[in-house]
Amino acid sequence: MAPPMAGSITTGVGNKSCDEQSLKRYYKTKIEDMQQRVAEKTQNLRRLHAQRNELNTKVRMLKEELQQLHEQGSYVGEVSKAMDKKKVLVKVHPEGKYVVDLDKGIDITTVTPGSRVALRADSYALHKVLPNKASDSEVQRTMLELLNQLDGFEATKNIKVIMATNRIDILDPALLRPGRIDRKIEFPAPDEKARADILKIHSRKMNLMRGINMKKIAEAIPGASGAEVKAVCTEAGMFALRERRIHVTQEDFEMAVGKVMQKDSDKNMSLKKLWK
Numbered sequence: 001m002a003p004p005m006a007g008s009i010t011t012g013v014g015n016k017s018c019d020e021q022s023l024k025r026y027y028k029t030k031i032e033d034m035q036q037r038v039a040e041k042t043q044n045l046r047r048l049h050a051q052r053n054e055l056n057t058k059v060r061m062l063k064e065e066l067q068q069l070h071e072q073g074s075y076v077g078e079v080s081k082a083m084d085k086k087k088v089l090v091k092v093h094p095e096g097k098y099v100v101d102l103d104k105g106i107d108i109t110t111v112t113p114g115s116r117v118a119l120r121a122d123s124y125a126l127h128k129v130l131p132n133k134a135s136d137s138e139v140q141r142t143m144l145e146l147l148n149q150l151d152g153f154e155a156t157k158n159i160k161v162i163m164a165t166n167r168i169d170i171l172d173p174a175l176l177r178p179g180r181i182d183r184k185i186e187f188p189a190p191d192e193k194a195r196a197d198i199l200k201i202h203s204r205k206m207n208l209m210r211g212i213n214m215k216k217i218a219e220a221i222p223g224a225s226g227a228e229v230k231a232v233c234t235e236a237g238m239f240a241l242r243e244r245r246i247h248v249t250q251e252d253f254e255m256a257v258g259k260v261m262q263k264d265s266d267k268n269m270s271l272k273k274l275w276k
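Just so we're aligned, residue 1 is where the sequence shown starts under full-length UniProt numbering, counting upward by one.
Worth flagging that the hints you see were computed from the coordinates, not collected in a lab. Keep in mind that a hint or two might mislead.
[Stated by the list, open to error] Here are the simulated EDC-like cross-link-like pairs (lysine to aspartate or glutamate), alpha carbons at most 16 Å apart as the crow flies:
no.: 1; residue 1: Lys-200; residue 2: Glu-228
no.: 2; residue 1: Lys-85; residue 2: Asp-101
no.: 3; residue 1: Lys-259; residue 2: Glu-235
no.: 4; residue 1: Lys-91; residue 2: Asp-101
no.: 5; residue 1: Lys-86; residue 2: Glu-64
no.: 6; residue 1: Lys-128; residue 2: Asp-103
no.: 7; residue 1: Lys-128; residue 2: Asp-107
no.: 8; residue 1: Lys-128; residue 2: Asp-172
no.: 9; residue 1: Lys-81; residue 2: Asp-101
no.: 10; residue 1: Lys-128; residue 2: Asp-169
no.: 11; residue 1: Lys-85; residue 2: Asp-107
no.: 12; residue 1: Lys-215; residue 2: Glu-192
no.: 13; residue 1: Lys-230; residue 2: Asp-191
no.: 14; residue 1: Lys-193; residue 2: Glu-219
no.: 15; residue 1: Lys-184; residue 2: Asp-172
no.: 16; residue 1: Lys-216; residue 2: Glu-192
no.: 17; residue 1: Lys-216; residue 2: Asp-191
no.: 18; residue 1: Lys-230; residue 2: Glu-192
no.: 19; residue 1: Lys-216; residue 2: Glu-254
no.: 20; residue 1: Lys-259; residue 2: Glu-228
no.: 21; residue 1: Lys-97; residue 2: Glu-78
no.: 22; residue 1: Lys-91; residue 2: Glu-78
no.: 23; residue 1: Lys-230; residue 2: Glu-219
no.: 24; residue 1: Lys-230; residue 2: Asp-197
no.: 25; residue 1: Lys-215; residue 2: Asp-197
no.: 26; residue 1: Lys-215; residue 2: Glu-254
no.: 27; residue 1: Lys-41; residue 2: Glu-20
no.: 28; residue 1: Lys-200; residue 2: Asp-172
no.: 29; residue 1: Lys-216; residue 2: Glu-251
no.: 30; residue 1: Lys-87; residue 2: Glu-65
no.: 31; residue 1: Lys-215; residue 2: Glu-251
no.: 32; residue 1: Lys-85; residue 2: Asp-103
no.: 33; residue 1: Lys-215; residue 2: Asp-191
no.: 34; residue 1: Lys-160; residue 2: Asp-182
no.: 35; residue 1: Lys-87; residue 2: Glu-64
no.: 36; residue 1: Lys-205; residue 2: Glu-235
no.: 37; residue 1: Lys-184; residue 2: Asp-169
no.: 38; residue 1: Lys-86; residue 2: Glu-65
In this text, all values refer to a predicted model and were calculated from it rather than measured experimentally.
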């Protein structure tokens, strides 16, 4: 047999080297692809872990809220005075005053006269000292819940919301925007004729001297509300009682006007611009 030629041997070795390089490139590409997939899976796993932790936190919060809902409500009272290191006298409306025990963890130094406290419904034990005034966060949460209820997540056709206030100037603008409070109706202060009629209504059962001019009294209290007109009648009766008289005179009404209107002399706020 004739020996192989030198050129054939060189070609075979070259083809083998090319095959090895192709395999290396192939496996390198596969490895890089797998590494990329592993990185993506790792990132997804971390995201799922974060979602799991967030959901677990929400579940714990819901469990705590459900537990609070299952608990019996508490009575809210006002501390009158401390009896000793473990007992205080608490005034609960409208039941009366009770000497109650302090739960563990309640510091007697924080239970001062006039502070608001929560009493357990079953044992009347004092278990929490309440803030005397609602915090801003509590007010904000209440407002957000009110706005959510007004917006509504479910369609409701048989519910009408009616609100009333005498301080529209301090309401949150988000509450007054169209879509939540659609109609705003102002009930202005009574005019002169209406004030005279209100005076007649509230003085109907009073012993009045003859000749009392209700129109003149109504003219003397411009801009007065219905409650202020009623207060004029009440104060006029008090002036007569202080002098031990059984009849109310025109002068009593005039002095009552001066007293009632003096109380409200500092209230100069106008709300007309808020109803435009």
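To see whether the hints hold, each was checked on the structure:
At most 16 Å may separate the alpha-carbon atoms for a hinted pair to count; Lys-200 and Glu-228 meet this at roughly 14 Å. About 9 Å separates the Cα atoms of Lys-85 and Asp-101, which keeps this hinted pair within 16 Å; it holds. Distance check on the hinted pair: Lys-259 and Glu-235 sit about 8 Å apart at the alpha-carbon level, within 16 Å; holds. Taking the CA atoms of Lys-91 and Asp-101, the gap is about 14 Å. The hint holds against a cut of 16 Å.
Between Lys-86 and Glu-64 the alpha-carbon distance is near 29 Å, which puts this suggested pair outside the 16 Å criterion. Distance check on the hinted pair: Lys-128 and Asp-103 sit about 8 Å apart at the alpha-carbon level, within 16 Å; holds. Using a Cα cut-off of 16 Å, the hinted pair Lys-128 and Asp-107 holds, with the two alpha carbons roughly 10 Å apart. Only pairs whose Cα atoms come within 16 Å are accepted, and Lys-128 paired with Asp-172 is rejected, the gap being roughly 31 Å.
The straight-line distance between the Cα atoms of Lys-81 and Asp-101 is roughly 13 Å, inside the 16 Å bound, and the hint therefore holds. A distance of roughly 35 Å separates the Cα atoms of Lys-128 and Asp-169; the hinted pair therefore is violated under the 16 Å criterion. The suggested pairing of Lys-85 with Asp-107 holds, with an alpha-carbon distance near 9 Å, which does not exceed 16 Å. The straight-line distance between the Cα atoms of Lys-215 and Glu-192 is roughly 8 Å, inside the 16 Å bound, and the hint therefore holds.
The hinted pair formed by Lys-230 and Asp-191 meets the criterion: a straight-line CA distance of about 14 Å does not exceed 16 Å. Restraint check: the Cα-Cα separation between Lys-193 and Glu-219 comes to about 9 Å, which is no more than 16 Å; the hinted pair holds. Proposed proximity of Lys-184 and Asp-172 is supported: the alpha carbons are some 15 Å apart, at most 16 Å. The hinted pair formed by Lys-216 and Glu-192 meets the criterion: a straight-line CA distance of about 10 Å does not exceed 16 Å.
This hinted pair checks out: Lys-216 and Asp-191 have alpha carbons roughly 13 Å apart, not beyond 16 Å. Among the hinted pairs, Lys-230 with Glu-192 is consistent with the structure: their alpha-carbon atoms are about 14 Å apart, no more than 16 Å. Taking the CA atoms of Lys-216 and Glu-254, the gap is near 9 Å; set against the 16 Å cutoff, the hint holds. Annotation: proposed proximity of Lys-259 to Glu-228 holds, straight-line Cα distance about 11 Å (limit 16 Å).
The straight-line distance between the Cα atoms of Lys-97 and Glu-78 is roughly 9 Å, inside the 16 Å bound, and the hint therefore holds. For the hint linking Lys-91 to Glu-78, the alpha-carbon distance of about 5 Å falls within 16 Å, and the restraint holds. For the proposed pair Lys-230 and Glu-219, the alpha carbon gap of about 15 Å is at most 16 Å, so the pair holds. Between Lys-230 and Asp-197, the direct Cα distance comes to roughly 11 Å. Compliance with the 16 Å bound is thereby established for this hinted pair.
A threshold of 16 Å between alpha carbons decides the hint, and for Lys-215 with Asp-197 the separation of about 9 Å falls inside it, so the pair holds. Taking the CA atoms of Lys-215 and Glu-254, the gap is near 12 Å; set against the 16 Å cutoff, the hint holds. The suggested pairing of Lys-41 with Glu-20 is violated, with an alpha-carbon distance near 31 Å, which exceeds 16 Å. With a C-alpha separation of about 39 Å, the suggested pairing of Lys-200 with Asp-172 is violated against the 16 Å cut-off.
For the proposed pair Lys-216 and Glu-251, the alpha carbon gap of about 12 Å is at most 16 Å, so the pair holds. With a CA separation close to 30 Å, the supplied pair Lys-87 and Glu-65 exceeds the 16 Å bound. At roughly 14 Å between alpha-carbon atoms, Lys-215 and Glu-251 fall within 16 Å of each other, so this suggested pair holds. Pair hint Lys-85 plus Asp-103 holds up; C-alpha atoms about 12 Å apart against a cutoff of 16 Å.
For a cut-off of 16 Å, the pair hint linking Lys-215 to Asp-191 stands: about 11 Å separates their Cα positions. For the suggested pair Lys-160 and Asp-182, the alpha carbons sit about 11 Å apart, so the restraint of at most 16 Å is met. Only pairs whose Cα atoms come within 16 Å are accepted, and Lys-87 paired with Glu-64 is rejected, the gap being roughly 29 Å. Under the criterion of a C-alpha separation no larger than 16 Å, the hint pairing Lys-205 with Glu-235 is consistent with the structure, at around 14 Å.
The straight-line distance between the Cα atoms of Lys-184 and Asp-169 is roughly 13 Å, inside the 16 Å bound, and the hint therefore holds. The hinted pair formed by Lys-86 and Glu-65 fails the criterion: a straight-line CA distance of about 30 Å is larger than 16 Å.
Of the numbered hints given earlier, the model fails hints 5, 8, 10, 27, 28, 30, 35, 38; all others are met.
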